[in-house]
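Chemist: Given the coordinates of chain A, work out where chain B with the ligands should sit on it, guided by the hints.
Residues per chain, in single letters:
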Amino acid sequence: MPLNIIVTAKQVIDPETPASALRLNSQLKRMETPPNIPPVINGFDENAIEAALRIKDAKGAANVKVTVISAGKSFVLDVIKKPLSMGADELVLVQDDALEGLDAFATAQVLLAAIKKVGKFDLVVCGRQASDYDQAQVPLFLAEGLGIPCVTIAKKVEVPESKLVVERVLPNGTEEVEATLPALVTVSNELGQPRYPTLRGIMMATRKQPTTWKLGDLGLSPAALQPKVPIEQLFVPTSQRQCEFINGENEEDKGRKLALKLREAKII
Amino acid sequence: MAGVLVVGELANGSLASITGELLTAARKLAGPLGEPIGALLMADRAGNTAKEAGQAGAEVVYVVEDPLLKEPPVELVLSAVEQVVKKVQPTVVLLGRTPLGRDLGPRLAFRLGVGLVQDAVDLACDAQTKKVTANRPVYGGNAVAKVALNSRPHVITVRPKVFEATAPNPAPSPKVEAVPVKLDAAAAKIKVLKRTQQEAAGVKLEEARIVVGGGRGLGGPEPFKQLDELAKLLGGAVGASRAVCDAGWMPYAYQIGLTGKSITADTYIAIAISGASQHLTGISTVKNIIAVNKDAEANIFKEARFGVVGDWKKILPAFIQQVQELVK
Ligand SMILES: Cc1cc2nc3c(=O)[nH]c(=O)nc-3n(C[C@H](O)[C@H](O)[C@H](O)COP(=O)(O)OP(=O)(O)OC[C@H]3O[C@@H](n4cnc5c(N)ncnc54)[C@H](O)[C@@H]3O)c2cc1C
Ligand SMILES: Nc1ncnc2c1ncn2[C@@H]1O[C@H](COP(=O)(O)O)[C@@H](O)[C@H]1O
Numbered sequence: 001m002p003l004n005i006i007v008t009a010k011q012v013i014d015p016e017t018p019a020s021a022l023r024l025n026s027q028l029k030r031m032e033t034p035p036n037i038p039p040v041i042n043g044f045d046e047n048a049i050e051a052a053l054r055i056k057d058a059k060g061a062a063n064v065k066v067t068v069i070s071a072g073k074s075f076v077l078d079v080i081k082k083p084l085s086m087g088a089d090e091l092v093l094v095q096d097d098a099l100e101g102l103d104a105f106a107t108a109q110v111l112l113a114a115i116k117k118v119g120k121f122d123l124v125v126c127g128r129q130a131s132d133y134d135q136a137q138v139p140l141f142l143a144e145g146l147g148i149p150c151v152t153i154a155k156k157v158e159v160p161e162s163k164l165v166v167e168r169v170l171p172n173g174t175e176e177v178e179a180t181l182p183a184l185v186t187v188s189n190e191l192g193q194p195r196y197p198t199l200r201g202i203m204m205a206t207r208k209q210p211t212t213w214k215l216g217d218l219g220l221s222p223a224a225l226q227p228k229v230p231i232e233q234l235f236v237p238t239s240q241r242q243c244e245f246i247n248g249e250n251e252e253d254k255g256r257k258l259a260l261k262l263r264e265a266k267i268i
Numbered sequence: 001m002a003g004v005l006v007v008g009e010l011a012n013g014s015l016a017s018i019t020g021e022l023l024t025a026a027r028k029l030a031g032p033l034g035e036p037i038g039a040l041l042m043a044d045r046a047g048n049t050a051k052e053a054g055q056a057g058a059e060v061v062y063v064v065e066d067p068l069l070k071e072p073p074v075e076l077v078l079s080a081v082e083q084v085v086k087k088v089q090p091t092v093v094l095l096g097r098t099p100l101g102r103d104l105g106p107r108l109a110f111r112l113g114v115g116l117v118q119d120a121v122d123l124a125c126d127a128q129t130k131k132v133t134a135n136r137p138v139y140g141g142n143a144v145a146k147v148a149l150n151s152r153p154h155v156i157t158v159r160p161k162v163f164e165a166t167a168p169n170p171a172p173s174p175k176v177e178a179v180p181v182k183l184d185a186a187a188a189k190i191k192v193l194k195r196t197q198q199e200a201a202g203v204k205l206e207e208a209r210i211v212v213g214g215g216r217g218l219g220g221p222e223p224f225k226q227l228d229e230l231a232k233l234l235g236g237a238v239g240a241s242r243a244v245c246d247a248g249w250m251p252y253a254y255q256i257g258l259t260g261k262s263i264t265a266d267t268y269i270a271i272a273i274s275g276a277s278q279h280l281t282g283i284s285t286v287k288n289i290i291a292v293n294k295d296a297e298a299n300i301f302k303e304a305r306f307g308v309v310g311d312w313k314k315i316l317p318a319f320i321q322q323v324q325e326l327v328k
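Sequences listed follow chains A and B, in order. Under the working numbering, the first residue of the first sequence is numbered 1, with each subsequent residue one higher. Under the working numbering, the first residue of the second sequence is numbered 1, with each subsequent residue one higher.
Bound-form chain A, shown alone (with noise of 0.2 Å):
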C-alpha cells in the first residue's frame, strides 16, 4: 500500500512583481499584474510540494504517490504543471467560472469535496498562506473538515513508519512534534529550497495531463460558494511621507553626514 499525499496548490499573481507594476481591479477587488508577468505557483506551495517529494524519495519513489490539487476559475497550463515537472504523480484541477473570488470558507469547501473525490489519503500537505489574501486559514478549515490532526509552519516533514513527524518554526526556535496518520501538515519556507525541474520531468510533465473537475462533478453548485467574508472594497495605502537624501562629495561623506544628520535629528 503506498502512502498517498495530496498537496494543495494555488496559482497566484507573482508577489516578486515590483509595487509599481501592480495595478489595483477596485472591480474585482483583486490586484493584477502586466500581461508579460505571468502567475506563479504560491512560493509556500511550492515548499509544500518539495516536502512531499522529500518523503517520496526518503521512501523510495514506488511507495509514495503524491496528488496535487489546485482549484481557480483559470489556469496558465505551463505554470500550474509545474508540480508534476518537479515530480507529482498526479494533478487535479478544479476549474470553474464559479471559482473567482471565493473567500477562504468556500475555496475550503471546493478542496474538501475534491479531496474526498480523490478518496484515499494518508497527508495532506498545504503551504501555510496564499501570498494574495494572505488569510493563512484554508488548510485549518481543511484539518477540521476532514476531521485530522493539523501542524502548522513546518520546516522538516518526515513521515517514518505510519508517524507523522514534523519540526514547527516557532518565533524564537523549533519544535518537533509527532502525529498519527491522516493527518494535515502547513508548509514554510524555512523547508528550503523547492527543487528545480529536471529535463526528463518536464517532458513527463508534457504528455500527462492533469485530471479536470467541474464544480458540479463535486456535487458542489455556486450558492454553497457565496462568501461569509465578502471584500467590500480593495485599495492601496499611500504613504506620506519624504525622504531626505543626505548628499556628499563622495559615500564616504555621505555615511558621515548621514551620522551627524541622525545626531541633529536626536534619532542617536
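Derived by calculation from the structure, the hints in this document are not laboratory data. If a hint is listed, it holds; no wrong ones were tucked in.
Example chain A residues on the side facing chain B (calculated, C-beta under 10 Å, incomplete):
#1 R30
#2 L140
#3 G255
By construction, the Cβ of each residue, glycine as well, lies at the ideal position given by its N, Cα and C atoms.
Modeler: Showing chain B with the ligands alone in chain A's frame:
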C-alpha cells in the same frame, strides 16, 4: 449576553500584551454595537488575571480553570473556547493573530460554521446598522481589503502591536464568572517531542529601540559583523530580510516582516534592503526609517525619513566611525 468577547492570552501568570491590545480593539465595536466587552481567560490557575482584565477594560470576565490548561495544546484551548462561545453567544469574538490565535481562529470559525477575518489591522461598526467591517492587509501589504462579516458570531484575529493597551483603570468592577467546561485530554492529537529555543544574545529584536537590518545587497554573512558593531554602539539589535535568512546568512529568528517578526523600535536602519511590502509589514510602526541603498528608486526610500544613495561598502564604515565619535 451578546457582547464582544476577547479571547485572552496569559504569559507568566499575567495578561499577555496582546490581551490588552484586544480589549482596546474591542472598544471600537462595543460602543457602536451597544454591547459589553467580555474577556475569556483560560488557565490551570487564573490567579489575579481576572482583575487585570477588568483594569484593562473588560466588563465581564469569563474564567475557565482546568488543570489540563497548563501549557495546553491548541486542541484543548480550542475546545474550551468553543464551549464558552456557545454558552455566551457573543456577537463578536476577537483573538490575537499570535502563534496560538492564528491556528485557533480558523478552527473555531469552522466549528461554528462561520467565516473569519484573519490579521485585522482596523475594525469598525456602523452604529445604525450594526454592520461590522475590518481592514486587513493583502498581497503582502501592497493593498488593504475592507471586508464585511456576513455570519455570526463575527470571528476576527487582530494583528499584534496595532492597537495600544490603555493604562489600567485602578478601580474596575468587572463581573467575574467561572465557566465550567468539559475537556478531554484525548482531544490533543499532537505530541510535542522536543522544543529548541534559540535566544539571540544581547538586546531582543522585538523589544529594541533601534534595529539595524541587513538585506541581500550585503552579499553574504560577513557584513553582519559590521551591522552587529553598529547595533552594539547604538544599544540596539540586528535584524534581516527574508532573502538573507533564505540564503542562510542569518538564522530565521532574525527575519523581520510579514512571515517574520514585527519590531516596535523607534528607529530602523535598513542597509541594502529593497523594501518589499512583506518586509515593510514588520516595521510598520517604526517612526524613523533610515535607508542605505545603491538604487535611488528602491521602494524603501518611499518609507524612509533619511536616505543615502550609494554603496554600503563605502558608506557604512564611515557612518559607523562617525557614530563612534558621536556616542563616545
Ligand atoms: C508570502 C511572502 C512572505 C514574505 N515574507 C517576508 C518577510 O517576512 N520578510 C522579508 O524581509 N521578506 C519577505 N518576503 C520576501 C520579500 O518579498 C522580498 O523578496 C525580500 O524582502 C527581499 O529582501 P531584500 O530586500 O534583502 O533583497 P532584494 O529585494 O534583492 O534587495 C536588495 C537591495 O540591496 C541593494 N543593494 C545591492 N547591492 C548594494 C550595495 N553594494 N550597496 C547598497 N545597496 C545595495 C539593491 O539595490 C536592492 O534594493 C516574503 C515574500 C512572500 C511572497
Ligand atoms: N484555490 C486553491 N487551490 C489549491 N490550494 C489552495 C487554494 N487556496 C488555498 N489553498 C491552499 O491553502 C494554503 C493557504 O491558503 P490561504 O488560506 O488562502 O492563505 C495555500 O498555501 C494552499 O496550499
